[in-house]
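Heads up: the sequence shown at position 207 corresponds to 207 in the numbering used here, and the numbers run straight through without jumps.
Please note that a few of the clues may not be correct.
What the hints assert, rightly or not - For each label pair, taking beta carbons as the anchor points, the in silico distance ranges come out as:
#1 N76 <-> E159: 38 to 44 Å
#2 K3 <-> A156: 21 to 27 Å
#3 S54 <-> K3: 33 to 39 Å
#4 W180 <-> E82: 33 to 39 Å
#5 S80 <-> K105: 40 to 46 Å
#6 F42 <-> D171: 33 to 39 Å
#7 R214 <-> H50: 28 to 34 Å
#8 N102 <-> K3: 20 to 26 Å
#9 I84 <-> R187: 35 to 41 Å
#10 H31 <-> A86: 18 to 24 Å
#11 D171 <-> L53: 29 to 35 Å
#12 K78 <-> S54: 28 to 34 Å
Because the hints were derived from the structure by calculation, they are not lab data.
Glycine included, each C-beta is placed from N, C-alpha and C at the ideal position.
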Amino acid sequence: MPKTLLFDTWGTLVDNYSIADVIEPYVFESHTAQEIAISWRFQQKWAMFHLTLSDNFVPHPGLNEACLRWALDHHNVKLSDEEILAINGQYHKLRAYPDVVNALKDLKALGLTIKIVANPTKQMIADHSEFAGTMPYIDEIISSGEEARAFKPSPAVYELGIERADCAKEDILWVTGHQWEAFGAVRQNLRVAWTNRAREPKLPIGIEPTYTTRNLQELADILAGEK
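Please work from the sequences and hints to get the whole structure.
Structural data, given as structure tokens:
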């Protein structure tokens, strides 16, 4: 039974694609808004990967704005600078996945410490956590971008989480919705839970998470059974 859960947030606790709700009033069509949201998230992830691999760093929210501009260009959507800044400034309006709030409540009831270790700024994480209703269950927010100046899956991010967990390494469980992030946690000899909502196939390369679940509630139920 772990003592501290170190959570990712984008794509783990909150749904980045729900930003389509913010985009739609500017493009007047829900399908187009959803396509832009998908492309925005796609470029956001790859930009962070490429920057990390090349030992570069561009902080949020500026990086997020650059990725939004790329997504709009990709779909041939023309918006004013004012509109782009308005959309980017509302990136906190990300909904929690349907299972998340109740699962976090159950995890806290087990006496577990819950911390977020994630790429966005601390303010961005706090804002979308408030919007999503997850903030009451979070003990600490740690921004790897601000503190380590690195993005996942850089080893520096996992080292930061281990340092700030306030428990022995063997008592940490790293929780993520991303298989690639799970690979990085395993490489650092951490126990890791992969919440595989997208039903992605496992990449058969011999790197196995400690737990693989369909949603966060399933993980909460497993941990409750281990108490």
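Would you pick out the hints that fail for this structure and give their numbers low to high? No numbers; nothing is violated.
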